[in-house]
Structures are given as C-alpha cells and as structure tokens.
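*Asks:* If you want the building blocks of each chain, they are given just below.
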Amino acid sequence: MHEVDMTKCLLLSMNEWRTRHEPAVPTVDTVHLQVGAFTCVEPDQLVFTWQAAVRGSWLDGARLKIEPVPLVGRCVVCSSTYAPSAEQGYRSPCCEHPMEEIESGRELRIRSVDYTLTSTPLTVASAS
Amino acid sequence: MHMPLEDTLGLNLLAANQHQAEHNRAHFDAWSLLCLNVMSSPGAGKTSLLEHTITALASDLEMAVLEGDMTTQLDAQRLEAVGVPVIPITTGRACHLDAAMVSGGLSLLQQRLDPASLDVLWVENVGNLVCPAEFEVGEHRKVALLSVTEGDDKPLKYPVMFREADCVLITKTDLLPYLPVDLQRFEAHIREVNPRCTVLPVSATSGDGLEAWYRWVLSSCAALRADPSPCVLVPA
Ligand SMILES: Nc1nc2c(ncn2[C@@H]2O[C@H](COP(=O)(O)OP(=O)(O)OP(=O)(O)O)[C@@H](O)[C@H]2O)c(=O)[nH]1
Ligand SMILES: [Mg+2]
Ligand SMILES: [Zn+2]
Ligand SMILES: [Zn+2]
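Quick note, the sequences are listed as chains A and B, same order.
Everything in the first sequence is counted per our numbering, starting at 1397 for the first residue and increasing by one.
Everything in the second sequence is counted per our numbering, starting at 59 for the first residue and increasing by one.
Just so you know, not all the hints are guaranteed correct.
What the hints assert, rightly or not - Okay, the calculated bits of chain B under chain A, using three or more residues with CB under 8 Å as the criterion:
#, stretch
1, 103-109
2, 126-139
3, 152-159
4, 186-195
5, 266-273
No wet-lab data here; the hints were simulated from the structure.
These numbers were taken from a predicted model, which means no experiment stands behind them.
Note that CB positions come from ideal geometry on N, CA and C, so glycine has one too.
Could you build all of it, start to finish, from the sequences and the hints given here?
*Replies:* Now the structure itself:
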C-alpha cells in the first residue's frame, strides 16, 4: 500500500501547483506522470489509489496518465547504454561492469498537467 | 472561456516531501548535527544496533533518537534505557517516516533540549524495505541493514533501498554458521545494485565488526564538521 502515501504526496504537490494560479482555480483534465521502473511505485496501483483519493476534492474527475520509463544503465567503461536486469546482477553486457550510472528509471515526475482556467471561482459558481 | 492549457512541470511527484526534507536539512546543517536515517525490513536489528552504538560512542558524541516504531513504545523504551533522549514519532499505520513527521519530531525534541548541543540524530525508520528509500527526511546519510537470515537475494528484490544507501550493514553475522548462506554473496549482491556504498558485516550479539561501524559513524561526523556548508539534496 505504498501507493497510498505516494498519492498523498502527489496531491500535496498538485496543491502547491494550484496555488500558482490563485485566485483562479484550474479544472484539471489530465495529470501526466513519468514513473521509472527503478522506483518503489506500481503504476496500476497508483492510478487506482488516485481515483479514490481525488473523489470530492478539487481534482475530482481528473485523470492520471502514467508513462512508464524503463531502467537504462550507462556502462562507465565504454559509455554504452544497456537494460540492466536483476538476473544479470545489473551488470553491463558489454564490459560486465556493475551498474554505477543510471541513465533513466528513477523518475517520479509530474511531467505536465492539462487543464482549463476559469477567471474566478465565483463567476463559475453563479454562471452554472 | 475555457482554454485548454498545458503546464510543463517536470516536478518531482514527491516535491512536497522534498521541500520539507530540505527544510529539515537546513536545520541540521545550522545545528551542525549529523542526521542518519536507519532503515531495514522489520527485525533486521536496527534497535539492537543503536543500543550498542549509543553505548559505545556515549563518551565521544552527544546523541538523540527519533523513533519511528508506529504501533508501540517498545523501541523507544529500549533506547531511553541506554541513556539518550528518544522522541517517538506516532503516525498511525504509515509504512515509512516522511519529512513532515520528522519535522514534528524535531519540534518535540527542541522542547527538551537544544539540538545544537547534539552531534548525531538517529532516525530509526519503520521496518520496511520498500518506500522509506523514496522518502527523504533531510538526512545526511542513509544506512540500510540486511540481516543474514533474510537471504542474499534481498538487494536484488528491493534494489532501490540498497541503491540509495550510503552504508549497508550485513547484520547478525553470528548466525552465519547455522545458515546455508555465504557472506560473500550478500556483499556481491549489494555491490551489484550499489557499487559505491560502504558494506560492513556486523553482529550486535558477538560485537564482531562493530568497531568498523563506529569508525564510519565518527568519520561521517568529522566530514560534516569539516564541511558544514549545506549540501544540496538532489531530487531523483
Ligand atoms: N543473533 C542475533 N540476533 C540479533 C542481532 N541483532 C538483533 N538481533 C535480534 O533480532 C531481533 C530484532 O532485533 P531489533 O533490534 O528489535 O530489530 P529492529 O530492526 O529494530 O526491529 P523493528 O524495529 O521491529 O523493525 C531481536 O530478537 C534481537 O535480539 C544479532 O546481531 N545477532
Ligand atoms: Mg526497532
Ligand atoms: Zn510504504
Ligand atoms: Zn561497456
């Protein structure tokens, strides 16, 4: 259930983003995340907990789209990139070198947010 | 008018936690207080290690503990018994400490003493090999424990924890004669996910290897004193 805490953190980060638009309130359509394979986060679980967590909040109805990012290592001996695997002890196939550098796979990133902005929250309320 | 907009953020998912962690870290640096975040699966020997370490280094260092045992006061009582201030952090059923909880613990600690009078603040994290690795609390160093009874495949199964650690302790080495395991394989698997960390085999029961661990703690303190400029935390 680590994704519950991750979702809480994501919501806090989204709240921080929301304050940038004050006094207007953004209506969020989609939040795009990048989630690396070399993290503790299970993308499906995160989407599931997100749907429950945003219900009734200002993010109600917002979708979470996750772009998985594979683990890519860079061999520090010959500089070529490779796909490390636990079975191979994360070593580079080219030089049999341990995984010193991670090129990608550690991402837990809010890449972008699709949203609409209505001038002030009060106008929205009276117009509807 | 509803204009579809897109903000490119490139913001860490854990940005909110990261900001609080940086805030904690700024306090630690101002107090020149070394914060060590101790993590492992449940029962790998965190509290036992701290009992021995605090007793052995009591004449060299002023220390305190933030204790993340969520459900009971047992670990806090064990560590109070070796003569250091312990702040239990109660968080319900969370599976890790986060920066806000540690910040709350720091406020309580400040009611009891001046943190600037301390050399080391130990944070005993919740027993869990998964998410404590992703949640910075503002620590200077991460210490991960792996007991020999857990099996040498754990660094491969929980690679993020062992990748993030600055020091990995292979604990309960007194049990090696009774187990069909090989210490070299533990070390090799840790090095596969983290070629740069310090790896130290220790036994709290027999005392084997503890001297090398104490030296690591003392040299980490010395390194902080030599370079008190706040190191920037690098978000993943
Ligand atoms: N044989 C042996 N047993 C140990 C050693 N260190 C700890 N233990 C035992 O392992 C059990 C768990 O030790 P703790 O120190 O409570 O472990 P912990 O990581 O703090 O546990 P949690 O906080 O509950 O996650 C206890 O029964 C200890 O006596 C050791 O070096 N050798
Ligand atoms: Mg404990
Ligand atoms: Zn968790
Ligand atoms: Zn190579």
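*Asks:* List in ascending order the numbers of the hints, as given earlier, that are violated by the structure.
*Replies:* Per hint list: 1, 2, 5 violated.
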